[in-house]
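**Q** Each chain, written out:
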Amino acid sequence: MNCYLGVDIGSISTKGVIIDENNNIITSSYIWTEGNPVNAVKKLINILKNNLDSKYVVKGIGTTGSARKLIGLLLDANIVKNEIMAHAIGTLSIYPDVKTILEIGGQDSKIILLNNGIITDYAMNTLCAAGTGSFLSSQAKRLNINIEDFGPLALKSNNPVKIAARCTVFAESDLIHKAQVGYKKEDIVAGLCKSIVLNYLNNVGKGKKIKSPVIFQGGVSKNLGVLKYFKEILNTDVIVDPNSHLMGALGIAILAKKNSLGKTYDLNIQNISFDTKAIDCGGCSNNCELLRIYKDNKLIDIWGNRCDKYIKN
Amino acid sequence: MGDYYVPAKYLLNKIVDAEILVAPFITAKTIELGSKYSPEFVCTPFKYTLGTMIESLDNGANILIQFGGGCRYGYYSELQEQILKDLGYKFELLNLITNGKANIKRIYKMIKRIDKNFNVFKGLYYFFITIKMVKYMDKIDDYIRKNIGFEINKSSFSNLKKEMLEKFASVNNPFSLYILYKKYFKRFKKIKINKSKNCLKVGIIGELYTLMEPFSNYYLERELAKFNIELKRFTNVTYLLLKYKKVNKKALKKSKEYMKYQFSADASSNVYWTKYLCDKKYDGIIHIKSSFCTPEIGVMPILDKIANEKNVPMIHFSFDSNTSEVGIKTRLEAFYDMIEMRRK
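First to last, the sequence lines map onto chains Z and B.
Numbered by the numbering used here, the letters in the first sequence go through residues 1 to 313 in order.
Numbered by the numbering used here, the letters in the second sequence go through residues 1 to 344 in order.
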């Protein structure tokens, strides 16, 4: 039987799903990227391969997320697409009538507006990571709370503190100040969750008409505190799918299916050596940082040039 | 700025007896130099032009020419002159426009200072040719923008344009320039393209410097053309030199429902153009500006309102010396996917 692999390589986590012809998820996995997308993907593929019944053959691979291009080369993917498209397609396959997708990931956050299954508008955060998952996790670490306990703790509070969350650095100073003057931990945690929501709506969601059904996804959607404040502030129901963290991978798997070239893929990539070497070009005063990519010690691509010197065919 | 150094150099070469150094192409070093000596929250064109001035002075220039106006750009040359003098450079800066106006008498005196033998009639004659040259270039560029996304042989447009500019630089009278223009326009039309009638069309509007200097917008037009999109851009030197007042007046008249008063620089025109692009059923509009560009920031809510009412997708890009190129590419890609999906 044919199946299709979608890989979403984000800044914090790497997600992979394998779907069948009817877009049902056969197996999935979610692991940390740990700053090394190539290794993370090798690990991920190994887990997926071990969970996959031998009757399935992979007929298409898609990659998305910030390392989509690199991993696309590694896996020889038949489609490489940006996260916005992948998230929209993935969500539409489960909620065909979705109107708004709120997505908060590790480093970026985005809003996608849809109408009749078509993306009509989108926005991504531009300047700062104050409204994203990495800020939450760094604060959790500082407060010595497990990120998993963050949401439940926030729900305990009846009186979230106000936090100046325009910028992560200032938000952190404000958090420390609030703790030092004696606010309770749960109030601070709840205030943090609320500030993420406010920040998101003021920056990414600025000027966008949020219509229900509203779907919330990305890693932060697992945080019950953030979800609570989204519902409260938007004054509408916000749906979080049990697979909300996999939507990007699911979407790109569906796109890989649609664009399948009929080629069969082998998931044995453990022994492929995949190296990158960065050099400064030095050809002109632009001094572009070039990244040379080697697969099995063979140069397969060069990135980063501004001129036409190294365009691959 | 873009390819306009060709007519600028042409004019100066013809009218004054001095060695004309073309400012070096903008590179990463230019913006690094410019940012280093600029106030941080000044708009990016200030940084680019200051960087270019430093590079030109290092190349041996002793007279710099600057002009601009419309917004706070009108005060930039005085500030840049002071910064450069503080850095210890010795040079003369000719600011062609003061108080937002080009004073012919003052300009004449300035040119006289560079070259005592300057002849007014000769100057006007070549000024006329130069204006014509800019007009022709802009017309050709309009055609290129419409079709470059569909070229079959890579670089056929850019190579022919390079050749054309070289030929333009050696003309001596308006007639031979016209013949050349006609000849090259024919050749441009002969370039093989693979364009379908209902291709995607995108309009690009925004702040003039960022629009016209490809380095400062991270080669946005080139990236867009790769998606097989027909592009439309209104802002060019022909508009700035010859049509600016007319278009601005028209803009206010035609977009009364959106604005009562004139915005500075090109912001009013951008309102009018947004309306125009929406009415002409363009698939999307891209609004670009340098960070901290005040007129454009002021006009953004109006542009959004128009796009919203007419249901045309619009994205904004703010370019700064610290902008990440990858981020722009992802957003452009998503924009393309969106307008393509809407088409279906």
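Everything labelled a hint here was simulated from the structure, so no lab data went into it.
Note that CB positions come from ideal geometry on N, CA and C, so glycine has one too.
The reader is advised that the hints may include incorrect statements.
[Stated by the list, open to error] The calculated DSSO-like cross-link candidates involving lysine-lysine, where the alpha carbons are at most 30 Å apart (straight line), are:
no.	chain 1	residue 1	chain 2	residue 2
1	B	K85	B	K29
2	B	K226	B	K253
3	Z	K99	B	K329
4	Z	K206	B	K310
5	B	K256	B	K305
6	B	K195	B	K154
7	Z	K208	B	K161
8	B	K116	B	K162
9	B	K305	Z	K231
10	B	K183	Z	K258
11	B	K135	B	K183
12	B	K305	Z	K206
13	B	K189	B	K112
14	Z	K208	B	K260
15	B	K329	Z	K206
16	B	K232	B	K305
17	B	K195	Z	K206
18	Z	K209	B	K135
19	Z	K162	Z	K258
20	B	K254	Z	K309
21	B	K329	B	K201
22	B	K154	Z	K277
23	B	K90	B	K135
24	Z	K211	B	K280
[Stated by the list, open to error] Chain Z stretches covered by chain B per the calculated footprint, using a threshold of three residues with CB under 8 Å from any CB of chain B:
no.	segment
25	4 to 18
26	270 to 276
**Q** A separate judgement is required for each hint: does it hold in the structure or not?
**A** Each hint tested on the structure:
Proposed proximity of K85 (chain B) and K29 (chain B) is supported: the alpha carbons are some 20 Å apart, at most 30 Å. Restraint check for K226 (chain B) and K253 (chain B): not satisfied, since their Cα atoms lie roughly 37 Å apart, outside the 30 Å limit. The straight-line distance between the Cα atoms of K99 (chain Z) and K329 (chain B) is roughly 25 Å, inside the 30 Å bound, and the hint therefore holds. Annotation: proposed proximity of K206 (chain Z) to K310 (chain B) holds, straight-line Cα distance about 19 Å (limit 30 Å).
As the CA atoms of K256 (chain B) and K305 (chain B) are separated by approximately 14 Å, the hinted pair is consistent with the 30 Å bound. The straight-line distance between the Cα atoms of K195 (chain B) and K154 (chain B) is roughly 15 Å, inside the 30 Å bound, and the hint therefore holds. Among the hinted pairs, K208 (chain Z) with K161 (chain B) is inconsistent with the structure: their alpha-carbon atoms are about 42 Å apart, more than 30 Å. A distance of roughly 34 Å separates the Cα atoms of K116 (chain B) and K162 (chain B); the hinted pair therefore is violated under the 30 Å criterion.
A distance of roughly 27 Å separates the Cα atoms of K305 (chain B) and K231 (chain Z); the hinted pair therefore holds under the 30 Å criterion. Distance restraint check for K183 (chain B) and K258 (chain Z): the Cα-Cα separation of roughly 47 Å exceeds the 30 Å cut-off, and the hinted pair is therefore not satisfied. Among the hinted pairs, K135 (chain B) with K183 (chain B) is consistent with the structure: their alpha-carbon atoms are about 15 Å apart, no more than 30 Å. Of the pairs offered as hints, the one joining K305 (chain B) and K206 (chain Z) holds, with about 13 Å between alpha carbons and a cut-off of 30 Å not exceeded.
Under the criterion of a C-alpha separation no larger than 30 Å, the hint pairing K189 (chain B) with K112 (chain B) is inconsistent with the structure, at around 43 Å. For the given pair, K208 (chain Z) sits about 25 Å from K260 (chain B) by alpha-carbon distance, which is consistent with the 30 Å threshold. Annotation: proposed proximity of K329 (chain B) to K206 (chain Z) holds, straight-line Cα distance about 22 Å (limit 30 Å). Of the pairs offered as hints, the one joining K232 (chain B) and K305 (chain B) holds, with about 21 Å between alpha carbons and a cut-off of 30 Å not exceeded.
For the given pair, K195 (chain B) sits about 37 Å from K206 (chain Z) by alpha-carbon distance, which is inconsistent with the 30 Å threshold. The straight-line distance between the Cα atoms of K209 (chain Z) and K135 (chain B) is roughly 43 Å, outside the 30 Å bound, and the hint therefore fails. Distance restraint check for K162 (chain Z) and K258 (chain Z): the Cα-Cα separation of roughly 47 Å exceeds the 30 Å cut-off, and the hinted pair is therefore not satisfied. Straight-line distance between C-alpha atoms of K254 (chain B) and K309 (chain Z) comes to about 46 Å, which puts the hinted pair past the 30 Å bound.
With a C-alpha separation of about 18 Å, the suggested pairing of K329 (chain B) with K201 (chain B) holds against the 30 Å cut-off. Between the alpha carbons of K154 (chain B) and K277 (chain Z) the distance comes to roughly 28 Å, so the proposed pair stays at or under 30 Å and holds. With a C-alpha separation of about 35 Å, the suggested pairing of K90 (chain B) with K135 (chain B) is violated against the 30 Å cut-off. The straight-line distance between the Cα atoms of K211 (chain Z) and K280 (chain B) is roughly 28 Å, inside the 30 Å bound, and the hint therefore holds.
For a cut-off of 8 Å, the count of residues in the segment 4 to 18 of chain Z with a CB near a CB of chain B stands at 0, and the three-residue condition is violated. Counting residues of the segment 270 to 276 of chain Z whose CB lies closer than 8 Å to any CB of chain B gives 0, which falls below the minimum of 3, so the coverage claim is violated.
Hints 2, 7, 8, 10, 13, 17, 18, 19, 20, 23, 25 and 26 from the list above are not met by this structure, while the remaining hints are.
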